[in-house]
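Quick note, the sequences are listed as chains A and B, same order.
If you read the first sequence in my numbering, its first letter stands for residue 1, the second for the next number, and so on.
If you read the second sequence in my numbering, its first letter stands for residue 1, the second for the next number, and so on.
Simulated from the structure, these hints should not be mistaken for lab results.
We treat Cβ as the ideally placed atom computed from N, Cα and C, and that holds for glycine.
Treat the hints with care, as some may be off.
Claimed, not checked - If you want a taste of the chain B side facing chain A, the calculated C-beta under 7 Å gives, among others:
id	residue
1	A13
2	A39
3	I87
4	I89
5	P92
6	L95
7	N99
8	L102
9	C106
10	E120
11	A167
12	Y171
As the list claims (entries may be wrong) - Each pair of labels, with its calculated beta carbon distance range:
id	chain 1	residue 1	chain 2	residue 2	range
13	B	N159	A	D29	36 to 46 Å
14	B	T53	A	L38	29 to 39 Å
15	A	R4	B	T27	22 to 32 Å
16	A	L38	B	K30	13 to 23 Å
17	B	L22	A	P61	38 to 48 Å
18	B	T53	A	D29	30 to 40 Å
19	A	G174	B	D109	48 to 58 Å
20	B	N159	A	I57	52 to 62 Å
21	B	I15	A	Q43	30 to 40 Å
22	B	L111	A	S59	48 to 58 Å
23	B	P97	A	D29	16 to 26 Å
24	B	T27	A	E158	51 to 61 Å
25	A	S59	B	S40	10 to 20 Å
26	A	P61	B	K182	55 to 65 Å
Residue-level listing of the chains:
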Amino acid sequence: MSKRYIILAIVLLGVAFGLLLLPNKIEHDQINPNLFLLEINDQARFLETDNIAKRLIESDPSLLLIDVRNEEAFKKYSLPGAINIPLNEILKDQWRNYVNQSSLDVVFYSNSDVIADQAWALCAQNGYKKVYVLKGGLNQWFQTIMLPEYPSELASSEDFDLYSFRKAASLFFGGSIPEISMIVEEVPEQQVPKVQVKKTVIVEKKEKKAAEGGC
Amino acid sequence: MLELLKTKRITMAIIAFVIFLLIGFLTLKKPIYSFQVDASAFSEELSSIDQVTPDEAMELMYDSSLALFIDIRNRYDFEKGHLENAINIPVPDLLNPENKVLFDRCLKDSLPLVLYGNDELEANAPWMLIYELGYSNARLLQGGYSYIDRMYLDQLELNESYHSETADYDYAGIIAKVIADKAKPVEIKKEKKVAVKKKVIVEEKPKKAAEGGC
């Protein structure tokens with residue numbers, strides 16, 4: 001056996017051994033912090049209450065609502081079709097198939113949006129896609145959908161359309177009583193007679209025809 | 001002769017291989033920021049971390065030896081108004097290498113790093129990121145700049161809380177009340193017809209010709 005072969009073999013074995021003994025990298029499942037920061041800065045994760053209301057009314061199958069509050073709050077009130085995963089369990093194995101998947105849109109909500117955003121951050125940094133936050137949470141839900149504000153006189157027609165949509169949605173979600181319109185017998189206006197010093201003339205009111213212009 | 005050639009080639013190949021490995025190791029740069037906290041562990045301690053309340057902030061911000069306030073909003077909002085002694089690091093610039101020196105120094109001195117935005121939500125995710133990068137001295141300002149600003153100007157709404165996660169409405173109560181109201185019989189009002197004699201005094205007005213045309 002040539003000496004060279006032996007020396008070369010020892011060198012290679014030495015290199016292999018050295019690679020084995022390299023300090024173990026702390027393995028985190030998390031993505032690159034800079035990438036995570038980019039996702040944080042991109043506000044696309046926030047969904048509006050109107051959008052979610054519409055999807056719920058249309059029974060959109062691609063929507064999955066997740067209530068991240070504690071069990072007690074969830075039992076008292078929750079959005080239709082929502083499941084309850086408290087914040088501290090969000091990364092547990094038993095829920096992984098719900099939060100880490102590629103087909104449904106997972107929307108976190110809480111009373112407001114801070115805890116839901118924390119749930120989002122935990123999931124997004126682990127590389128989960130398709131995770132979103134309900135902007136304003138249940139507080140916003142009630143303020144816009146369940147108890148919508150009647151638009152002021154100065155509002156645009158779009159605002160009125162939005163109000164109609166919200167009013168109908170609140171009926172759907174059980175938030176208001178349907179208004180019953182009734183036919184009421186008409187009451188003619190009472191007019192107070194004026195007293196004049198000179199003549200009193202009773203004149204029939206002639207119908208005025210509206211000026212019909214044509215373009 | 002053949003024997004010698006083969007040995008030379010193998011030797012050269014091995015030496016080249018080892019040199020490439022060495023070059024790879026020497027040029028390997030350690031990332032500036034890397035996650036130090038496991039996300040699952042963090043998810044469990046999240047709700048128990050004591051954040052900074054507006055009153056605490058009022059006490060801390062006037063003495064820069066007590067805490068460092070970082071305003072994560074954009075430069076324009078910062079210039080319009082910011083907390084006393086706060087520095088501005090907009091969100092996209094948060095992980096710039098030059099900030100590491102600052103963060104490390106605060107961590108070493110155990111100085112709280114208080115991140116704030118316009119509201120708690122804006123600074124929430126940035127705070128989580130900084131905390132998980134190993135800066136356990138990082139905290140979030142509850143209520144954000146907006147709360148303190150309005151508190152100072154006495155413009156807070158009645159019963160407004162800086163705890164963002166309080167329920168503004170009694171959700172279950174509202175729904176229950178609606179269900180109860182639906183069960184009540186509805187009163188229908190009827191109005192009577194009243195015959196009225198009219199006495200109208202009208203001045204004859206000159207009739208204006210109907211103005212048509214476009």
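Which earlier hints turn out false for this structure, listed by number in ascending order?
1, 3, 4, 7, 8, 9, 17, 20, 21, 25, 26
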